[in-house]
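**Q** Those sequence lines, one after another, are chains A and B. Here the numbering used here is used: the first residue of the first sequence is 1, the next is one more, and so on. Here the numbering used here is used: the first residue of the second sequence is 1, the next is one more, and so on.
Simulated from the structure, these hints should not be mistaken for lab results. Heads up, a few of these hints could be off.
[Stated by the list, open to error] Pairwise CB distance ranges (calculated):
(1) A:Thr140 with B:Glu222: 37 to 45 Å
(2) B:Gly138 with A:Arg220: 39 to 47 Å
(3) B:Arg220 with A:Ser318: 29 to 37 Å
(4) B:Arg220 with A:Glu293: 38 to 46 Å
(5) B:Pro238 with A:Glu67: 29 to 37 Å
(6) A:Glu67 with B:Lys304: 49 to 57 Å
(7) A:Asn53 with B:Tyr120: 50 to 58 Å
(8) B:Pro238 with A:Pro84: 33 to 41 Å
(9) B:Asn312 with A:Thr108: 23 to 31 Å
(10) B:His103 with A:Lys150: 50 to 58 Å
(11) A:Glu133 with B:Arg180: 34 to 42 Å
(12) B:Leu306 with A:Arg146: 33 to 41 Å
(13) A:Arg146 with B:Lys107: 55 to 63 Å
(14) B:Asp41 with A:Thr224: 32 to 40 Å
Nothing here was measured: the structure is a model prediction, and the numbers come from that model. For each residue, glycine too, the CB sits at the ideal point set by N, CA and C.
Number of protein chains: 2
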Amino acid sequence: MREKQRAIAIVVVMLAAIFSGCASNPDVQEVQPDPLPLWYDGKAKEEIIGFVNEISDFFSDSLVPPEKRIAVFDNDGTLWPEKPLYFPLEFIFHLTEEMAEEHPEWKTEDPFKSVLEGDYTALTAEDFPALIEATHGGMTQTEFYRRARKWLSKAEHPRFEEKYKKLAYTPMLQMFDYLRKNGFRIFICSGGTVEFIRAYSEVAYGIPPENVIGTTIDTRFEITEKGPVLYRTGVIVPPLNDREGKPVNIQRHIGLRPIIAFGNSDGDIEMLQYTAEGRGPGLAVLIHHDDVEREYDYDKGTEKALELAEENGWTVVSMKDDFAEVFPEKEEEEKVEPGNQ
Amino acid sequence: MREKQRAIAIVVVMLAAIFSGCASNPDVQEVQPDPLPLWYDGKAKEEIIGFVNEISDFFSDSLVPPEKRIAVFDNDGTLWPEKPLYFPLEFIFHLTEEMAEEHPEWKTEDPFKSVLEGDYTALTAEDFPALIEATHGGMTQTEFYRRARKWLSKAEHPRFEEKYKKLAYTPMLQMFDYLRKNGFRIFICSGGTVEFIRAYSEVAYGIPPENVIGTTIDTRFEITEKGPVLYRTGVIVPPLNDREGKPVNIQRHIGLRPIIAFGNSDGDIEMLQYTAEGRGPGLAVLIHHDDVEREYDYDKGTEKALELAEENGWTVVSMKDDFAEVFPEKEEEEKVEPGNQ
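Let the sequences and hints guide you as you build the complete structure.
**A** In structure tokens, the structure reads:
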């Protein structure tokens, strides 16, 4: 009889093994006590999780089938900082400096002169198309990616003393994971130039290039001696991916209305309205920069969006009170002896 | 001892259960004797499988990491027929007829007059922007999808007596599965208007709307009394997604050079060149319509592409000799008694 008992014990162990095997299958959703540990408990976290539960609930009237679960995220100020300057602008200034040698006339010609002198306050919105055309025009697409990656591998944020591509807000990266687990496809929808973001989106955010929508610089296809090449013309394809340009480009690119949108400034208003104010479920989330200690504290450029959030009941995320962490723990730099490089 | 033997037997059975459990895990790739049974064995199939094996082989110099495995497919003539008329054109003609009541002047005004009289041969390439503007302009995006789906749910092919959306070539659908299993992301890149394809791509091809690139009709965002709305302006966003417009729009949309492209006509040449003639591995495949029995037999509009295929060693697929099947088996129509509806 002891043999029989042992046989039963073995079966029990094997069954346990089978079931634990099933549970480790990534297709089977695990029960998670807190899907967003990098977010403090509070109204914002509750509203986001509440919305996701609601649209995923098979018995809810608000059920959205997985095919239609689209979430869009602004980039600068929503996924990483936008101060002291938009990082994509810094890259344009960097290209201007790098190319200035071939263009001695830039020393006396604006807007180049102002950029080379570091007088960015002298620049107006109208100057940027000219700067983009001068710095991006004629470059092959491959060369552009190479230069963007090179800059991103070196350029550091002046205050945080960290590479830009390592400044993604970790609670937002966790939000991506959480939404993906709930069947969402995630897109960036940024006013920045699309290929600059594509140069690092996979590495910094785990988002493939085709899931990035941005302001588009046109290209021209040509068969050269070296084979087929795409040249950047430097000309912006209208509309700029800002304000009402965002819903238009979301339609061009995705073809579906998103049901979740995250933004942080007045430039995101139309995207948030398009997502949350139409028919059917939609969640608009506004990231509010109110954390002077860990990041920045400002309302400028977000006044109208904050008003509309109040009016329409959009979710407002306080970086101070809702983010348990802002940036990843800094890695210890490998120390290189100066004479040893 | 018999008890012990029984215990061992039970363990063996349980182990077998565990291993068969693992094998049915979809993440574990199964050994498949023929990954493309709907393709006859031959040069085309060999070249395609050979290329996929090569770029997936960890020890190959041609290894392409999964992040860069992009495959693009033309639509009309590559994934479904394009005769007797491009199906997207038929839809534009259908809209023209449907809207003619509100536009009595169309009876005497070309190009509308020719369309309403069914005299499609009278139309030139220049007429289409006017037809698109008249039939798409002012319509909301939601209404456009509704009309496209309604038409697609009814319209039948005159020769095959089957709904258009059921005329996807089954060997091509199998190709999608095969490439997906090998880590590819799949995009349609069609000269047709993008939202027409998006109206059925998920149902007919299993391709989500964001993976469709096509000729884009612009939209305009507006806040109306009923909430935020996208109106179709009816104006085409240049370039047309044809010829050199294809690589340009692939860059705008995906941001990566594809490594596999399937096309069937001269309009696909630049996409095939961009994919296969640059640096690094690339496979260009041309579907050749040479099957008068099961589909159509024609070279018109493909002459130059066939020449280039020969010259550059592109893979040519003979629908007659390489497709083991063209369309899915027809479902038996449910017979409804005429007096019983």
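**Q** Which of the stated hints cannot be reconciled with the structure, identified by number in ascending sequence?
**A** 2, 6 and 9
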